[in-house]
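Q: Going down the list, the sequences are from chains W and R.
In terms of this note's numbering, the first sequence has 68 at position 65, counting the first letter as 1, and numbering is strictly consecutive.
In terms of this note's numbering, the second sequence has 205 at position 202, counting the first letter as 1, and numbering is strictly consecutive.
Simulated from the structure, these hints should not be mistaken for lab results.
Please note that a few of the clues may not be correct.
[Stated by the list, open to error] Per label pair, the in silico range of CB-to-CB distance: (1) W/S67 to R/G179: 34 to 44 angstroms; (2) R/A111 to W/G399: 45 to 55 angstroms; (3) R/R252 to W/E781: 26 to 36 angstroms; (4) R/D474 to W/T96: 15 to 25 angstroms; (5) W/Q748 to R/R317: 20 to 30 angstroms; (6) W/N448 to R/D462: 14 to 24 angstroms.
[Claimed, not checked] Examples of chain W residues lying across from chain R (beta carbon under 10 angstroms, computed): (7) N34; (8) R35; (9) T110; (10) L111; (11) T112; (12) A113; (13) K116; (14) H244; (15) N301; (16) G500; (17) D637; (18) A683; (19) L696; (20) P745; (21) N800; (22) T806.
Being a predicted model, the structure only gives us computed values, none of them experimental.
For glycine and all other residues, C-beta sits at the position ideal for the given N, C-alpha and C.
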Amino acid sequence: MNAVNYFAWRFFAVLALAGGMPIAAGDVDFNRDVRPILSDKCYACHGPDAKSLEGKLRIDLRDSATSPAKSGDMAIVPGHPEKSALVERIETTDTDEVMPPPKSHKTLTAEEKALLKRWIGQGAEYKEHWSFVGPQGTEPPAAGDAAWVVNGVDRFVAATLSAKQMTPSPEADRATLIRRVSLDLRGLPPTIAEIDAFTNDTGEKAYEQMVDRMLASPRYGERMAMIWLDLARYGDTNGYHNDSDRPVWLWRDWVVNAYNSNMPFDQFTAWQFAGDLLPNATVEQKIASGFNRNVRFNEEGGADPAEFLTVYAADRAITMGRVWLGMTFNCAQCHTHKYDPISHKEFYQLTAFFNSMEEVGAGDVTGFHNMPVPPVMKVPTAKNRDAIANVNVKLGEAERQLEKGIFPSNIVGPAKDGETLAVSLLKQEIKKLRDEIAGLENDKNTPLQMVSMEMAQPKPAFVLMRGDFQTRGEAVQRDVPKFLPPFPADQPRNRLGLARWLMQTNQPLVARVQVNRFWQMLFSEGLVRSMGDFGMQGTFPTHPELLDWLAVQFMESGWDVKRTLKLIMMSRTYRQASSDTRRYAERDPQNKLLWRAPRVRLQAEAVRDNALAVAGLLSDKMGGPPVFPYQPSDFYKGKNDGWKWKLSSGEDLYRRGLYTFWRRTTPYPTFVIFDAPDRAECTADRPRTNTPLQALVTLNDPQFIEAARVLAQRLLTECQVDTDARIALAYRLALARPPMPPEQQVMRDFIGKQLALYRADTNAANALSSAGRAPRPETLDAAEHAAWTAAANVILNLDETITRN
Amino acid sequence: MQPLHDHWFNINRRQMLKGTAAGGLGFLGSTALSQLLASENAAASKQGAGLPGFPSFASKAKRVIYLYMEGAPSQLDTFDYKPGLQEMFDKELPASVRGSQRLTGMTANQTRFPIAPSIFGFSKYANQQDGLWVSDLLKHTGSMAGEICVVKSMMTEQINHGPGVTFMQTGHQLPGRPSIGAWLSYGLGSTNADLPSFVVMISQGRGQMQALFSHLWGAGFLPGEHQGVQFRAAADPVLFLNDPKGMRRDDRRKVLDMIADLNRREAENNGDSEVLARIAQYEMAYRMQASVPELTDFKNETEATLEMYGPAVRKPGTYAYNCLMARRMAERGVRFIQLYHRGWDHHGSVVKDLPMQCQDVDQAQAALLKDLRQRGLLDETLVVWGGEFGRTVYCQGKLTASQYGRDHHPRCFSAWLAGGGIKGGISYGQTDDFSYNIVEKPVSAHDLHATMLHCLGIDHTRLTYKTQGLDMRLTGVEPSKVLKEILA
């Protein structure tokens, strides 16, 4: 790394602090410009945490910052930077005096110092942190070219672009659009028929109807679940120690169905928090409450149950903070938050909502391996449920007969033990029917689901000093942090009341955090780029008014997820081309102003799903127990010999990645290599890296080789015309567009050479053309098939193939 | 987007513009193409580069070999010699010694805590001080007393394996933080563009084995390319390293050229540096396909070398094999080489299980030190040996004259360091007569980590990464110290 680039990076970092754009000499905005500096550089010692407060000075509070200290100095004298001790201390060269002190390893840049001075000069106005004040549904500005603007999204975006004399990119071509919408909403590429239908549709509503079709696809729920499962830390194993399997996939299927039926987000929330506490809770609602059980479970012998019960309760509070509030509650587990207004006590007040569930703490003495961790609910399959219903009808009839003394007249026999033969036979029949029901209910194949169950009486809760379960501080009652709306008086102080409190429309954070997540799903980055942190240390929104407007739209729609996604996707902003990344690369390299659509490498599961779909291998079977696709047979060797990978067969080898067995301590390697988290805890944002190991996966993983082989036979069997037509088909399957003439030419040359090579080497041809377990038409010529497999291997490895454009 | 990515964004774009100025990327001949690729790799590959300003001071060590003993070896039967205990066989451990120490669920309900002295003999080996007592189970290691520094006062707050190992490897008990190797890969980069900078190898022990988790070598919140790459004892030592059957090396080359050609056309169209970065990563993958088999091929090792490591060295996947692999990786500039040897969790029978474990490791690890030394690599390679906690002086289960087990003991345990930056031939810290409490110079995992980083020229308070609004570091927020007395 050379120095020039390093400094270039530092420069951009400064710009990033200012919401992405250099600050002109005009007004300084506290939230956008000043607080990020104060929070990062000062609050650790001059902020909310009383235990680490230095010199009794709090810079986060204007009253404190502008009051005279013992010495008589005032940190900030509004309007007078020259009289402000803060300015003196940040400018001095005396290492004993300078702020921030050298031992903090923090420094202020010249720009930051100038900004602070200008802010004090302008009166040192403080504002409440932007995200703690409810979204104001500001009307979209009258900005943007009338011909370009479709809806409010565009108006906000046009306003920021035109303020910088920048213009948006032109609309993407139809092929790119349908592939984008399909990958965004379904996580899968469009089919040839879908591409044709859309590109040939000249109607005014062609685009809208295409979006509607994608939203209505059952694949949509699977795609949305791919995001939610990271947040909800879903895994098929306990996540500690022996990491045994656990029955939770019914919850995963519930999530998919909830998205597909467009369950309103408030209901989606309440069921997961407290489905079990709803009046007359249904089976579905109880399954939904499995969300709380997604915490890991320590099955280790010797682990202390009391310790881990506190860990699980804290994990639930932290997850709620991250997923619904976009806040880092975990910091307050050991001490009052250094940056955000969450006290140590408030953390444990919140945690108290989650500490009284019926659950096992840990393995205790002997360990708790390979058995479901209670409480677990049996959920008979639909088939068994129907059968039980049928038997129940018969049983009811038999019982009615017995009660009313109605017996078939043809049964006559000696009475025994004071009963007529008819009575005795009827009783036998009733017993048989009851046994049948019990048998169906206890079918060993009946799926299980870990669910939530509340204790009759809440357990006492305490502040835990430094988070240590053995060091209790004061006792606390269930309550919510004071910087948020108060807990409603008419709600029960339990998980259900908490969920209802969260979904009140006066919550400042919840709707913003959710729409920000939708935005990230469609634009690769959120409007707030720190996905899991809307607090003081988070980034200021690139388009604050747009974020608020969307948040209000989302709430006013009745928390309608599909409608909100569609609103964003109908915008011209979304429909822009991504193909020119150079235009404003110098002025706005991170595309914060949205002058183009992003190019994004697909999420781990989608990399594989996409290859299988292009090859025509992907199964569309939904739901059910997790599956075990190809994984190196010795992958668990040396890690835990008790773990088994029962390789699936038939179509279960080719299910969507969503359904792959998720072993938390050692997840599916192909996904990990493409940045999937282990789901030990809530993940708000996956990184997106680019590594040689990823290349090895798409080049050599048997699944990808098989996909190439099957794609090749698809090209050879579905298209009989000629090489060019087959290349065109391959391009349209993988990229939704036809090849450009130079691409066509190099591919044709490549295939010709490969063909010669495999004609000369029959063994190699046979080996490559028979990779994997999927069937292969015997009629195919091995050399030709191998040559096209190599070509398909190229296609499936193109950057464009694994990128959403 | 993380700052590091921003950086690559810039550098890659500049690379690309340079390439464009040279005549248009898509139309370069293949020689020019490979030259361009070479320069792309040199600059764009993360392997070459660490952070600016690191190492921040002159350092002796350039790399680390961490010999991790998973399951927690008994300090009482290896390095923490307590001859006085022999007279206290089956006596109750005084309550004053035990104090308020937390017990695991396994022994918390025992009515007695009888002292179990080590059944194994100890011998004294000359070092730079007044000699080092080492268990006779580790004679080869003992013979290296002049090179190693034994820390007898390691301690931890963790009492269970999962959190314990995670703490030793990532500086935090909960999963999700980067491991030490990832931090070093991030801070210092690698000196070999053909191999990963952080490699992990696992060998099986013979006692009770705990599961090993991939988060132990994960990158946590650091960019994923810093995660450890596991080398397996398998036909493909790195996952998916081998080309499919029916595709020869030169065929693979043609496929890669084709991918690169088409990708380069795409980059030329859209100007996205990520595409060029991908081309570079494909090239590195190709080079790994050649460099890894060369690495794992022992044919040029002399008989004398192989014999030094012991017969197990010829069997892939053993600790001895992995030790020799570690030396070969050290020679090739791999930054962090992590070995795990499983099976040290001796609750039931130290007497039966410990000798087998020691036999697995003793000769090979001594050979590794000698081999590094004879090649002049020991001075620049920091070697660390240890587990996640210690074991109790009192017996778990029934104590007899010939049988005892030991439960987990976080209050003290032993580890040793050798090589780059370390003063060999000394002991550091001391425990009480029961090896129960530390009486002198306690060392936390964070102190060990700070010292390791120091040996590599890194101030542990400066190697930070911003995530969730915090500047995170390996050694956490509480103060920790570099063990100056053990530095060379």
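Q: If a hint holds in the structure, say so; if it doesn't, say that too.
A: Hints versus structure:
1. W/S67 to R/G179: 34 to 44 angstroms: holds, 35 angstroms
2. R/A111 to W/G399: 45 to 55 angstroms: Roughly 54 angstroms apart at Cβ, these two residues keep to the hinted range, so it holds.
3. R/R252 to W/E781: 26 to 36 angstroms: holds, 30 angstroms
4. R/D474 to W/T96: 15 to 25 angstroms: holds, 24 angstroms
5. W/Q748 to R/R317: 20 to 30 angstroms: violated, 52 angstroms
6. W/N448 to R/D462: 14 to 24 angstroms: violated, 59 angstroms
7. N34: Status violated, d = 15 angstroms.
8. R35: Violated, about 16 angstroms.
9. T110: violated, 12 angstroms
10. L111: For W/L111, the interface hint is violated, since the closest Cβ of chain R sits about 15 angstroms away, which is over 10 angstroms.
11. T112: violated, 15 angstroms
12. A113: violated, 19 angstroms
13. K116: violated, 20 angstroms
14. H244: holds, 5 angstroms
15. N301: holds, 7 angstroms
16. G500: Hint violated; W/G500 Cβ to chain R Cβ min 28 angstroms, cut 10 angstroms.
17. D637: W/D637 check passes; min Cβ-Cβ to chain R is 5 angstroms, inside 10 angstroms.
18. A683: Hint holds; W/A683 Cβ to chain R Cβ min 5 angstroms, cut 10 angstroms.
19. L696: Constraint on W/L696 satisfied, holds at 7 angstroms.
20. P745: holds, 7 angstroms
21. N800: Holds. Min distance 5 angstroms.
22. T806: This hint holds: W/T806 lies near chain R, its Cβ roughly 8 angstroms from the closest one there, short of 10 angstroms.
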